[in-house]
Amino acid sequence: MARFTLPRDIYFGAGAIGELKNLKGYKKAFIVTGGHSMRKTGFLQKLEDVLKEAGLETRIYEGVEPDPSIERVFDGAKAMREFGPDVIVAIGGGSPMDAAKAMWVFYEYPDKTFDDIKDPFTMPKLRKKAIFVGIPSTSGTASEVTAFSVITDYSTNIKYPLADFEITPDIAVLDTDIPQAMPKTLTAHTGMDALTHAIEAYVATARSDFSDALALKAISDIFDSLLDSYNGDKEARGKMHIAQCLAGMSFSNALLGIAHSIAHKTGAMFHIPHGCCNAILLPFVIEYNSRACMERYAQIAKMLGLPGSTDKQLTDSLVEAVRALNKKLGIQPTYRENGVSEEDFKAHAQTIAENAVKDPCTSSNPRTTNAEDMLKVLSCAYYGEDVAF
1 MARFTLPRDI
11 YFGAGAIGEL
21 KNLKGYKKAF
31 IVTGGHSMRK
41 TGFLQKLEDV
51 LKEAGLETRI
61 YEGVEPDPSI
71 ERVFDGAKAM
81 REFGPDVIVA
91 IGGGSPMDAA
101 KAMWVFYEYP
111 DKTFDDIKDP
121 FTMPKLRKKA
131 IFVGIPSTSG
141 TASEVTAFSV
151 ITDYSTNIKY
161 PLADFEITPD
171 IAVLDTDIPQ
181 AMPKTLTAHT
191 GMDALTHAIE
201 AYVATARSDF
211 SDALALKAIS
221 DIFDSLLDSY
231 NGDKEARGKM
241 HIAQCLAGMS
251 FSNALLGIAH
261 SIAHKTGAMF
271 HIPHGCCNAI
281 LLPFVIEYNS
291 RACMERYAQI
301 AKMLGLPGST
311 DKQLTDSLVE
321 AVRALNKKLG
331 IQPTYRENGV
341 SEEDFKAHAQ
351 TIAENAVKDP
361 CTSSNPRTTN
371 AEDMLKVLSC
381 AYYGEDVAF
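Residue numbers (the numbering used here): 1 to 389.
Among the hints, a few may not be true.
[Said to hold, decoys possible] DEER-style ranges, computed between Cβ atoms:
#	residue 1	residue 2	range
1	R3	P66	17 to 27 Å
2	P183	S208	32 to 42 Å
3	P110	T368	33 to 43 Å
4	D224	G330	17 to 27 Å
5	D228	R323	17 to 27 Å
6	G35	A14	41 to 51 Å
7	P124	R323	37 to 47 Å
8	D49	D116	52 to 62 Å
[To be verified] In the DSS-like style, the derived pairs of lysine-lysine whose C-alpha atoms are separated by at most 25 Å in a straight line are:
#	residue 1	residue 2
9	K128	K78
10	K239	K312
11	K376	K312
12	K302	K239
13	K358	K118
14	K327	K358
15	K346	K312
Calculated directly from the structure, the hints in this document are not laboratory data. Every residue, glycine too, gets a C-beta built ideally from N, C-alpha and C.
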């Protein structure tokens, strides 16, 4: 028996945020957001206006940092308890949505500790006090439709991917007007995060016919649209916003693999954006995993029309296509070329590898791995060497 879980409602298209005017029967909305971008672009005000039109009292909680901390989560949960919302709305990139999901848990269960929920699928039943609405401003994390939330413990520089279908949002709003203001670098990083989501979901051990269809559609649309989106094309940005959501619905159910396991640990340790880490790692992880699921990568390559007569040739073409896309997006191909010194790398690589093995994403990787192999993959991604083991 398997399970496939999605939000109850997904509103999408230009101006989709206006659909929240139909959110009737609720009293208070607690809005979680990040920096000033949503306020500066006017979307925060538009959201507040729509919610008030629906008859809800609102309170805004701003300032969620990139890679939200455990301390931020508990501070936000405290503010929620003071306000008492029956709707939680997160608007912005993955960070405010991830933070708001974790805040939601501790709002409903104030006696819980972070240790109580950090292991996969250990969360209590939610929706006793509030429902959750996710509104993404970037086109990558898909937190608006997933059962995941990534929270950082800065005392150890470890990112914890919280996982439970309980934190799958009730409503997702994909307003394609919002991502039009994304800077180019953010567009590149979030787009490669979405591509990694889709490719990892397609080969993950928990994949299904449902997740496969979403993953393949997302991969195709991302290859079609990401470069044009990076260069500012409005239609392509809208298409990417939908594609990243398709990838999110796929990986939320199929789960992920070691590109994310390593990205979680290197991003926190080396302070490199999550999407950039995934972009670096994806070609090396495909090489590593191809010994276990080469035919799956070959199917992706065939769908994309890449050259090759055998599964090996097609998989090699996929690796090169990912590397070529990174180059066009201005993403350097290795950790060394992204500013990580060799001294720093050698000081932390073993710890990163050991922690990556413990990451929840490792369990669904198609090739069984250990700390030794994880370190080898990481080293290849640092020095730019092909994975040949």
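Cross-check of the supplied hints:
no.: 1; hint: R3 / P66: 17 to 27 Å; in the structure: violated (31 Å)
no.: 2; hint: P183 / S208: 32 to 42 Å; in the structure: holds (36 Å)
no.: 3; hint: P110 / T368: 33 to 43 Å; in the structure: holds (40 Å)
no.: 4; hint: D224 / G330: 17 to 27 Å; in the structure: holds (19 Å)
no.: 5; hint: D228 / R323: 17 to 27 Å; in the structure: holds (19 Å)
no.: 6; hint: G35 / A14: 41 to 51 Å; in the structure: violated (24 Å)
no.: 7; hint: P124 / R323: 37 to 47 Å; in the structure: holds (44 Å)
no.: 8; hint: D49 / D116: 52 to 62 Å; in the structure: violated (38 Å)
no.: 9; hint: K128 / K78; in the structure: holds (17 Å)
no.: 10; hint: K239 / K312; in the structure: violated (31 Å)
no.: 11; hint: K376 / K312; in the structure: holds (21 Å)
no.: 12; hint: K302 / K239; in the structure: holds (22 Å)
no.: 13; hint: K358 / K118; in the structure: holds (12 Å)
no.: 14; hint: K327 / K358; in the structure: violated (31 Å)
no.: 15; hint: K346 / K312; in the structure: violated (32 Å)
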